[in-house]
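The sequence shown stops at residue 239 when you use this note's numbering, and every number in between is there.
Think of the hints as simulated: they come from the structure by calculation, not from any bench.
Note that CB positions come from ideal geometry on N, CA and C, so glycine has one too.
One thing to keep in mind: the hints can contain errors.
Pairs of lysine-lysine, DSS-like flavour, derived with a Cα cap of 25 Å [unchecked claim]:
| hint | residue 1 | residue 2 |
| --- | --- | --- |
| 1 | Lys190 | Lys218 |
| 2 | Lys196 | Lys218 |
| 3 | Lys217 | Lys190 |
| 4 | Lys184 | Lys196 |
| 5 | Lys184 | Lys218 |
| 6 | Lys196 | Lys217 |
| 7 | Lys184 | Lys217 |
Cβ pair distances, simulated, as ranges [unchecked claim]:
| hint | residue 1 | residue 2 | range |
| --- | --- | --- | --- |
| 8 | Glu208 | Ala234 | 54 to 62 Å |
| 9 | Glu170 | Gln231 | 29 to 37 Å |
| 10 | Thr169 | Lys218 | 19 to 27 Å |
| 11 | Gly230 | Ile156 | 42 to 50 Å |
| 12 | Lys196 | Val159 | 44 to 52 Å |
| 13 | Glu211 | Val185 | 43 to 51 Å |
| 14 | Gly191 | Tyr214 | 16 to 24 Å |
| 15 | Val181 | Leu155 | 37 to 45 Å |
| 16 | Ala234 | Phe158 | 36 to 44 Å |
| 17 | Gly238 | Thr169 | 41 to 49 Å |
| 18 | Val160 | Val199 | 45 to 53 Å |
| 19 | Thr169 | Ala234 | 25 to 33 Å |
| 20 | Trp195 | Gly230 | 15 to 23 Å |
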Amino acid sequence: MRRGGALIFFVVFSLFFYFLTELVFASESSSIVPVKVVTVQKGDSLWKIAVEHQDEADMEVRELVYAIKKMNRLDNSDIYPGQRLAVPVGE
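With the hints as constraints, model all of the structure from the sequences given.
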């Protein structure tokens, strides 16, 4: 095998090994969380949505607001009518 072929083999093997380990460790650390998809209405806020779903989620309102922001990759609390948000609803 030439030097170029060996280098390509090494890169492909390294990428394969990297993705394999990511797949294995990701499946161990993450769990499936049931969600409810909510469409934001005029006048809604993350706090209001969290209050409406806190019993289903079995979380305090503040924790649920944080979970909604994290799950939907929101940098801040700005939401807009028509926006669809995933809300965790417990186990």
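Verification of the supplied hints:
no.	hint	result
1	Lys190 to Lys218	22 Å, holds
2	Lys196 to Lys218	17 Å, holds
3	Lys217 to Lys190	18 Å, holds
4	Lys184 to Lys196	15 Å, holds
5	Lys184 to Lys218	15 Å, holds
6	Lys196 to Lys217	13 Å, holds
7	Lys184 to Lys217	14 Å, holds
8	Glu208 to Ala234: 54 to 62 Å	19 Å, violated
9	Glu170 to Gln231: 29 to 37 Å	30 Å, holds
10	Thr169 to Lys218: 19 to 27 Å	24 Å, holds
11	Gly230 to Ile156: 42 to 50 Å	48 Å, holds
12	Lys196 to Val159: 44 to 52 Å	51 Å, holds
13	Glu211 to Val185: 43 to 51 Å	20 Å, violated
14	Gly191 to Tyr214: 16 to 24 Å	22 Å, holds
15	Val181 to Leu155: 37 to 45 Å	42 Å, holds
16	Ala234 to Phe158: 36 to 44 Å	40 Å, holds
17	Gly238 to Thr169: 41 to 49 Å	31 Å, violated
18	Val160 to Val199: 45 to 53 Å	52 Å, holds
19	Thr169 to Ala234: 25 to 33 Å	28 Å, holds
20	Trp195 to Gly230: 15 to 23 Å	19 Å, holds
In the structure shown, a violation is registered for the earlier hints numbered 8, 13, 17, in ascending order.
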